[in-house]
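Respectively, the protein sequence lines represent chains A and B.
Here our numbering is used: position 245 in the first sequence is 245, and no number is missing along the way.
Going from the second sequence to our numbering is simple: count from 1 and add 1000.
Treat the hints as calculated values from the structure; they're not laboratory data.
Possibly wrong hints are sitting among the right ones.
[Said to hold, decoys possible] Selected chain A positions facing chain B (in silico; Cβ < 8 Å):
#, residue
1, ALA91
2, LEU101
3, LEU113
4, ILE284
Yeah, the Cβ is synthetic: ideal placement off N, Cα and C, and Gly gets one too.
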Amino acid sequence: MDWLLQQLINGLALGSIYALIALGYTMVYGVLRFINFAHADVLMLGAYAAYFLAPAVGGIFPLPSFTGTLIILLLSAMICAGIGILIEILAYRPLRHRPRLTVLITAIGVSLLIEFTCQHKAVFGADTKPFPQLLPEHDFNLGGLVISSNDLVVVVTTLLLLGIMWFIVQRTKMGTAMRAVSFNQQAAALMGININRIISFTFGLGSALAAVAGILYAMKAPGIDPLMGVQPGLRAFIAAVLGGIGSLPGAALGGLLLGLLETFAGGISGLSNYRDGIAFAILILILLFKPAGLLGKATIEKV
Amino acid sequence: MSSTLNPSSTVGAKRWLIAGIALAVVVSMFSAQFNRYHLGIIIDIGINIILAVSLNLINGHTGQFSLGHAGFMAVGGYTAAKISLVASPLLPPALQPVIFLFALLAGGGLAALTGLGVGVPSLRLRGDYLAIVTLGFGEIIRVIVQNMESVGAASGLKGIPKFTTLGWTFSLAAVTIYFVTALVNSTYGRGFIAVSDDEVAASSMGINPVRYKVTAFVTGAFFAGIAGGLYAHHKQFLSPTGFDFLKSIDIVVMVILGGMGRTAGVVVAAIVLTLLPEVLRQFSEYRMIIYSLLIIVLMMARPQGLFTWNRKKGGAA
Chain A
1 MDWLLQQLIN GLALGSIYAL IALGYTMVYG VLRFINFAHA DVLMLGAYAA YFLAPAVGGI
61 FPLPSFTGTL IILLLSAMIC AGIGILIEIL AYRPLRHRPR LTVLITAIGV SLLIEFTCQH
121 KAVFGADTKP FPQLLPEHDF NLGGLVISSN DLVVVVTTLL LLGIMWFIVQ RTKMGTAMRA
181 VSFNQQAAAL MGININRIIS FTFGLGSALA AVAGILYAMK APGIDPLMGV QPGLRAFIAA
241 VLGGIGSLPG AALGGLLLGL LETFAGGISG LSNYRDGIAF AILILILLFK PAGLLGKATI
301 EKV
Chain B
1001 MSSTLNPSST VGAKRWLIAG IALAVVVSMF SAQFNRYHLG IIIDIGINII LAVSLNLING
1061 HTGQFSLGHA GFMAVGGYTA AKISLVASPL LPPALQPVIF LFALLAGGGL AALTGLGVGV
1121 PSLRLRGDYL AIVTLGFGEI IRVIVQNMES VGAASGLKGI PKFTTLGWTF SLAAVTIYFV
1181 TALVNSTYGR GFIAVSDDEV AASSMGINPV RYKVTAFVTG AFFAGIAGGL YAHHKQFLSP
1241 TGFDFLKSID IVVMVILGGM GRTAGVVVAA IVLTLLPEVL RQFSEYRMII YSLLIIVLMM
1301 ARPQGLFTWN RKKGGAA
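Same shape as in the complex, but just chain B (with noise of 0.2 Å):
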């Protein structure tokens, strides 16, 4: 069923998939090459690709409203963190890339199962309740690893070993976009952009909204989970203060920004606000006050998103 609706576009996905994996893996082998500043950076692209990517499902595709994208990061990145720490002394080192990928598997399953839990309770209702409820979940995600002394607590989880590199980042990276292009475009993911149009008009067709939306947000979270657990490996340091309110904020606005649905202009926000901050260093103390007014702005001029120009109806991502 799923290939009769709209086959090109899966097809195409595809091809930029294996593009995306092979391109990552081709540039990993030279990243010996690049200084570690502008690896981090690059690295910190892919992470927030893979971000941003997923929360579209949830914001954009879904029409749905999360403010706790850091808190599924968070719960991604201790897990998978916790477990590589303890498994790498005990397994020979050419096991490492197994474990880091049983690990980031672990820590996107425990983040969509959280996703589950927060999902199904706010997701019943209309969309204010889900913002409010994540914002929430953030906050019981720090209150709940401050008191867990196996995670470091309130100190910070440290000397987690460095195994995200450039080809992880991205591989990950151009599966989170390849899996979102083509759930949306599935039949069955005609279904999130029908509840995302009208809810009442998509359960009256016989679809569900809210199994659809808790799939978006469980999914969403899952990713999240994958990113957190690169972002663990990759900065080799956890702490509870780095993945509050204002972790999540950046997510969103790279959604708003790139255009909510928009795939390819999500990727472009992603790694525009990645860049931006760094560049603009000097400007850092206006940076929350400019994406405020960023968010304010678009709402209201250019609700369709900064990075996308032609809008066509559908949502064919």
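For reference, chain A alone in the conformation it holds in the complex (with noise of 0.2 Å):
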């Protein structure tokens, strides 16, 4: 039982940042019908923001302390929203009208180009750094469990963004506009909606989302690298596609549920090796099954 609620804490937590990638992959996906490859590297990028940062912001609040954090979360997430934004502006905006396959590629040609030059000794480098230790931590012991602050901080961090971004898409003029131009782009625009600023705003919304999870999923991990990004990118896109890909409910449940399934998997002995290749099974099996998601709808290409 112990075990049982320990796994529940670790997935959670892991589920949490997947759930924050796959709102930005699925952001996008609503805005502009195509796969941000880029994404998860503006995530890698937001992590390697707080690294510059925390010297600079420690020096005037002391790290690790929950102003600093904050202050290192909001200037991380406004650096990669500019990033994110310029990525569009010059890679997927001159390609608007073109085939959709063409988009595509110059998506990973982005991704691509983004992780090679960070590896470069010149940019990054390609070895680990330690990531710097932002937040006071502490192990709550309940019983038998163990909690790490670093879990809570992720939990409570993701509940309030996904609340935040609810708010915007449901309650803001902008989140309508955005809901205007996923569900028909002419018909938005006829009505007056600037199309390209609804789209900059996308990508910037989910680049300063993905600079979040980048930075909480630093934290728990051992360090920070010019790939950290694929991976995770990859399963929040599985958890996209799982909760529906262009439903934003469907991307935190899909997020939760992958990073459960991972964690619960990780856990038994004899699947434990195979715990990489688990999401993807899980992609394949909902593509089989149900291609549209648990949440999204089934459309039907129009001519």
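Since each chain sits alone in its own frame, please combine them into the complex, following the hints.
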């Protein structure tokens, strides 16, 4: 029973991070109908932004502290939002009306470009760097359970951000416009919505979430390297498909489910070697039996 | 039926096939004259031609996007290597070519079967899913191989007999080029191009897009498996990390650079991109940066590829 609860807590923490990343995939997919492969690399850039900001911010608000971490999170999110918007303007916007395959290949190209440029020794270098401790760490012992303060922070931050996202998308003018663009881009443009602005906003929002997810991920990981985004990025994409791509609650649900499944499988001795393969097995199963995802709506391609 | 459509190009292709095999066999007789390093690179070129031309059937002619070619190569390579490791000590040396051919075909066959398993769920849906599923597929192959003691697990499979020669490689490259060209130019093969041009229009003309996409995918996987077998018996060593995502990207770049759906361009790209890293060794740290920039710039400025000059309408290879 303790083991079960312990895995549940670990799974929730991992799943929360997946959920945050998945939100970015699903939002961009919603407005542009393509997979932004570079999303995983924005996550990595977020972690690096925090890595370089930490000494500077630490000079004013000595780390580890909550205020310092909050400022680092906000600054990194802003930097990554800028990067995300820039990627869209430079790489994706010129291809807006080209075949989907062209955009998809470009997205992979952008992702590779970021990864390999950052791996170069003149940039970040390919080696793993230790991530600074941002928050005071404490393990809470509840009976046989160990809950680390980091896990709590991850889950609480995610819940908070999910709430904010829900508010932005459902209750603000920008969010209404986003939903309109996602529903029908042409009709939205005819209603006077500035499509380019909405798309930039979506990229900015998604990238900011990726930055936060990247920092949370780095806090739990042994260190950061330029390829750190690839694995969680892939998992989060699968989470988005699992929940139904284009659906925000679906992304959250998919992320949590995937995190839980992976953690439980990792805890079972026979399965733990195959843990990396589980996400993809789930992806293939969901594509076979419910391609629209758990909360997604099946759509018919119109001519 | 098939000969009524574009007969000249199929006959031409057949002539090229025979010429290619003859040339490969003749050159192979002199292979002792080459220095080992050069010979190794030439065989690499042949293997890369097979990989690029077969991926071109999927990513070019049929308009899908697979990132898992290295995965199929791994399936074929490991299968073929295991078969010849087990069979070659048991049978007389005279039978070696037979073992090798059987091992290659078995590797290709298993790769094709795997391709069926991966392709059917993902090809029913739109293009992006194939990219992600094949990306993950490569990962699954790596995980499985790393946990299989019988193929050396993480430390790799050693001591594979050196069966791959110049003749084998380029004969099979010629067969691959011929097969893909003849397939695309056949009546049946027009379906691939139709699916690539417009899936909805193709299906309203009575073409089943899923079936065509799966056929292209499985055929491509088969040849990737063959290439994997050649690779295994060329390097004589296989390790799970040798077939990672970057190997797939290498092949994808060959197809994009050569021009998606243009076999001749893709062959040129395979040759150039195999030689270039050897010549520019001192710039190797920039290789992937240049590749990724190349992908982006080509997609924006020249989506038809670099080595394609006259773009004929109608999709003849």
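Going through the hints against the structure:
1. Among the interface hints, the one on A/ALA91 holds; its C-beta lies about 6 Å from the nearest C-beta in chain B, closer than the 8 Å criterion.
2. The beta carbon of A/LEU101 comes within 6 Å of a beta carbon in chain B, closer than 8 Å, and the hint placing it at the interface holds.
3. For the restraint placing A/LEU113 at the interface with chain B, the shortest Cβ-Cβ distance is roughly 4 Å, inside the 8 Å limit, so the hint holds.
4. Using the Cβ-Cβ criterion of 8 Å, the hint placing A/ILE284 at the interface with chain B is satisfied: the shortest such distance is roughly 5 Å.
Violated hints are absent here; each numbered hint is respected by the structure.
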